[in-house]
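> Listed here are the chains, written in short residue letters.
There are 2 protein chains.
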Amino acid sequence: MSTADFSNGPACPIPIANYPNVLMAHGGGGKLSHQLIGMMIAEHFDNPALRQLHDGAVITAGQTQLAFSTDSYVISPIFFPGGNIGELSVYGTVNDLTMCGSVPKFISAGFIIEEGLPMEQLWRIVQAMKAAADRAGVQIVTGDTKVVDRGKGDGIFINTAGIGIIPSGRAISPSGAQPGDRIIVSGEIAQHGIAIMSVREGLEFETTILSDCAPLNGLVEAMYAASPELHVMRDPTRGGVASALNEIAESSQCGIRIVEQDIPINAEVRGACELLGFDPLYVANEGKLLAFVPAKDADAVLAAMRVHPLGKDAAIIGEVITDHPGTVVMKTSIGSSRVVDMLSGEQLPRIC
Amino acid sequence: MSTADFSNGPACPIPIANYPNVLMAHGGGGKLSHQLIGMMIAEHFDNPALRQLHDGAVITAGQTQLAFSTDSYVISPIFFPGGNIGELSVYGTVNDLTMCGSVPKFISAGFIIEEGLPMEQLWRIVQAMKAAADRAGVQIVTGDTKVVDRGKGDGIFINTAGIGIIPSGRAISPSGAQPGDRIIVSGEIAQHGIAIMSVREGLEFETTILSDCAPLNGLVEAMYAASPELHVMRDPTRGGVASALNEIAESSQCGIRIVEQDIPINAEVRGACELLGFDPLYVANEGKLLAFVPAKDADAVLAAMRVHPLGKDAAIIGEVITDHPGTVVMKTSIGSSRVVDMLSGEQLPRIC
Chain V
1 MSTADFSNGP
11 ACPIPIANYP
21 NVLMAHGGGG
31 KLSHQLIGMM
41 IAEHFDNPAL
51 RQLHDGAVIT
61 AGQTQLAFST
71 DSYVISPIFF
81 PGGNIGELSV
91 YGTVNDLTMC
101 GSVPKFISAG
111 FIIEEGLPME
121 QLWRIVQAMK
131 AAADRAGVQI
141 VTGDTKVVDR
151 GKGDGIFINT
161 AGIGIIPSGR
171 AISPSGAQPG
181 DRIIVSGEIA
191 QHGIAIMSVR
201 EGLEFETTIL
211 SDCAPLNGLV
221 EAMYAASPEL
231 HVMRDPTRGG
241 VASALNEIAE
251 SSQCGIRIVE
261 QDIPINAEVR
271 GACELLGFDP
281 LYVANEGKLL
291 AFVPAKDADA
301 VLAAMRVHPL
311 GKDAAIIGEV
321 ITDHPGTVVM
331 KTSIGSSRVV
341 DMLSGEQLPR
351 IC
Chain Y
1 MSTADFSNGP
11 ACPIPIANYP
21 NVLMAHGGGG
31 KLSHQLIGMM
41 IAEHFDNPAL
51 RQLHDGAVIT
61 AGQTQLAFST
71 DSYVISPIFF
81 PGGNIGELSV
91 YGTVNDLTMC
101 GSVPKFISAG
111 FIIEEGLPME
121 QLWRIVQAMK
131 AAADRAGVQI
141 VTGDTKVVDR
151 GKGDGIFINT
161 AGIGIIPSGR
171 AISPSGAQPG
181 DRIIVSGEIA
191 QHGIAIMSVR
201 EGLEFETTIL
211 SDCAPLNGLV
221 EAMYAASPEL
231 HVMRDPTRGG
241 VASALNEIAE
251 SSQCGIRIVE
261 QDIPINAEVR
271 GACELLGFDP
281 LYVANEGKLL
291 AFVPAKDADA
301 VLAAMRVHPL
311 GKDAAIIGEV
321 ITDHPGTVVM
331 KTSIGSSRVV
341 DMLSGEQLPR
351 IC
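Those protein sequence lines, which keep their order, are chains V and Y. Under this note's numbering, residue 352 is the last one in the first sequence; the count climbs by one each step, no gaps. Under this note's numbering, residue 352 is the last one in the second sequence; the count climbs by one each step, no gaps.
Everything labelled a hint here was simulated from the structure, so no lab data went into it. Values in this document were obtained by computation on a predicted structure and should not be read as measured data. A couple of the hints might just be wrong.
Some residues of chain Y that are not near chain V, with every Cβ distance over 12 Å (derived) [claimed, not checked]:
1. M24
2. G29
3. D55
4. I263
5. R270
6. P349
Quick list of in silico lysine-lysine cross-link-like pairs, BS3-like style, CA-CA up to 30 Å [claimed, not checked]:
7. V/K152 x Y/K296
8. V/K130 x V/K152
9. Y/K31 x V/K152
10. V/K31 x Y/K130
11. V/K130 x Y/K31
12. Y/K152 x V/K130
13. V/K152 x Y/K331
For every residue, glycine included, the Cβ atom is placed at its ideal position computed from N, Cα and C.
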């Protein structure tokens with residue numbers, strides 16, 4: 001009944017016979033997500049800013065380069081060990097802006113609340129957002145609140161969008177990786193995803209595994225102070241370290257080699273992964289980053305990271321090579337090599 | 001279980017005894033919405049940009065003044081006469097940016113899709129967004145896609161945020177109304193809400209009532225060309241003309257007097273309102289604006305509007321007065337006067 005009639009327009013680019021309906025995996029951060037976003041959405045909205053396939057868009061307003069990013073948060077449960085959907089929604093967008101090389105400044109907040117959400121929970125979430133914004137040094141400047149009928153939502157979903165200012169001289173891009181670059185991870189991986197899954201599965205450990213959700217902008221400024229030549233940064237959220245590395249290998253058309261035993265991972269998180277049958281390389285992080293840095297600067301950047309509380313466990317986990325462009329290969333702990341592929345379905349639904 | 005413990009923090013500012021849970025009316029654009037947003041969210045996030053209570057925030061990046069706005073769209077049904085959730089989500093944010101005096105430039109799109117949405121519907125929505133962005137002259141530069149389990153969403157929700165650039169010299173604000181200002185509405189009111197409700201209630205009219213959803217940025221540029229002195233602009237969406245005027249009367253601390261018989265309204269829409277028991281002053285619009293203009297410029301602005309397709313039915317419907325500050329009074333068709341109050345509950349759920 002739309003006035004704009006698309007029935008004679010281009011056919012749906014997703015093979016409808018295979019995927020007549022949207023599946024959970026279309027939102028999981030793996031292959032089906034990439035197909036949906038790449039073939040349908042990005043392809044159709046095509047423009048230079050979107051084509052970068054960054055964590056956000058880099059745009060120009062007047063004389064100023066800005067980063068602009070958005071994420072919707074549909075995490076379940078909304079309160080989890082180490083945080084809640086409120087702070088996650090602020091840190092997530094702060095981190096996406098940071099990964100574009102910008103200094104995050106302004107955040108919007110869009111709430112979609114299911115009728116019946118306890119008012120006290122909403123209040124705790126709002127307080128957490130404010131505390132998170134203060135910690136990250138950003139302002140929540142505009143917002144929107146919608147309520148949907150009971151059974152048509154799930155407690156609360158939050159969308160945040162954000163604007164950051166890119167200092168002149170910074171050029172970060174997913175296609176910027178160069179052979180020889182060292183790959184640094186800022187700390188122990190897979191904490192966020194395992195914190196959520198532990199709650200869902202009712203697992204108990206000696207100490208509670210907490211989400212790592214945290215704002216990375218302070219850490220990144222410390223890294224920039226050590227070297228202005230950061231080639232690529234990415235926060236490995238949905239799809240984890242493996243998906244982020246695959247995206248970068250593809251965008252940069254280079255090969256990536258990582259060393260399993262150099263990847264920092266907490267013993268309890270590793271144990272939980274084994275118990276739950278997850279590969280930690282595919283588990284979401286919410287306060288970690290991957291940085292691609294010229295070899296000559298790697299030690300200086302690493303040293304700068306290690307004196308920051310969010311980078312104390314930072315480690316070099318691999319390097320960029322000219323072999324097998326587009327592919328990520330890992331030297332395993334037992335000495336063999338294996339391809340680390342993009343996640344095909346979805347491993348952990350509604351993890352952020 | 002959150003690491004940040006708010007149990008000793010300030011008590012929830014909403015009277016929990018009266019409202020232990022979020023109600024549909026908290027999202028309806030009326031009094032409860034204002035209480036929730038004003039007492040809990042805006043009060044807690046408090047900062048100068050948010051305090052403006054504009055359709056968006058006005059912020060400064062480098063030397064450039066920007067408008068930044070967000071809205072989530074939860075409309076039901078997602079396809080309706082005159083449009084679908086896709087174009088609505090683009091036009092809605094374009095219009096909010098325009099109401100801040102800015103030229104809309106960049107849009108973000110965040111999709112929350114319920115598992116099982118037909119892929120073909122998603123494709124039509126994406127096409128509608130692209131067509132809407134082209135019509136409004138904006139680019140969709142960044143986005144996010146999440147999928148939630150069947151029964152935890154409702155087809156699709158879309159959040160858009162947007163950035164507009166404010167040309168120097170423009171100063172628009174909800175508190176800018178001045179006694180003597182003429183109040184102009186850009187066309188026939190209440191179409192969007194009645195188009196949606198007609199579908200929901202299964203009403204049939206001789207001709208289908210279409211949503212008015214449209215981008216207002218072109219019309220507003222024509223208005224600016226006629227007079228740089230536009231004091232207030234607002235698009236009367238949720239809560240309709242009555243709620244928008246009440247917000248402006250309160251922000252500007254002035255009285256507002258409108259004349260019922262001067263308000264343009266389509267005969268079929270009026271009939272549908274009577275049938276459904278709605279007051280058209282409270283029914284949502286998605287392609288109309290209210291402008292407060294100095295009396296000396298009113299005729300020139302009106303003339304400029306009437307040559308634009310989206311302003312052909314524009315009319316002066318009232319004026320700003322010094323009497324009864326904060327209150328809107330209407331001279332009715334039968335010659336009496338009545339207070340036009342803020343909507344108390346919610347009239348039309350999920351209208352945008």
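> None of the hints should be skipped; say for each whether it holds.
Right, here's what the structure says about each hint:
1. M24: It is violated; Y/M24 is separated from chain V by about 5 Å at its closest Cβ, not greater than 12 Å.
2. G29: violated, 10 Å
3. D55: Label violated. Min Cβ-Cβ 9 Å, cutoff 12 Å.
4. I263: holds, 25 Å
5. R270: holds, 22 Å
6. P349: violated, 7 Å
7. V/K152 x Y/K296: Violated, at roughly 50 Å.
8. V/K130 x V/K152: holds, 27 Å
9. Y/K31 x V/K152: holds, 23 Å
10. V/K31 x Y/K130: Given that 30 Å is the threshold and the Cα spacing comes to 24 Å, the pair holds.
11. V/K130 x Y/K31: holds, 24 Å
12. Y/K152 x V/K130: Cα-Cα ~27 Å, so holds.
13. V/K152 x Y/K331: violated, 41 Å
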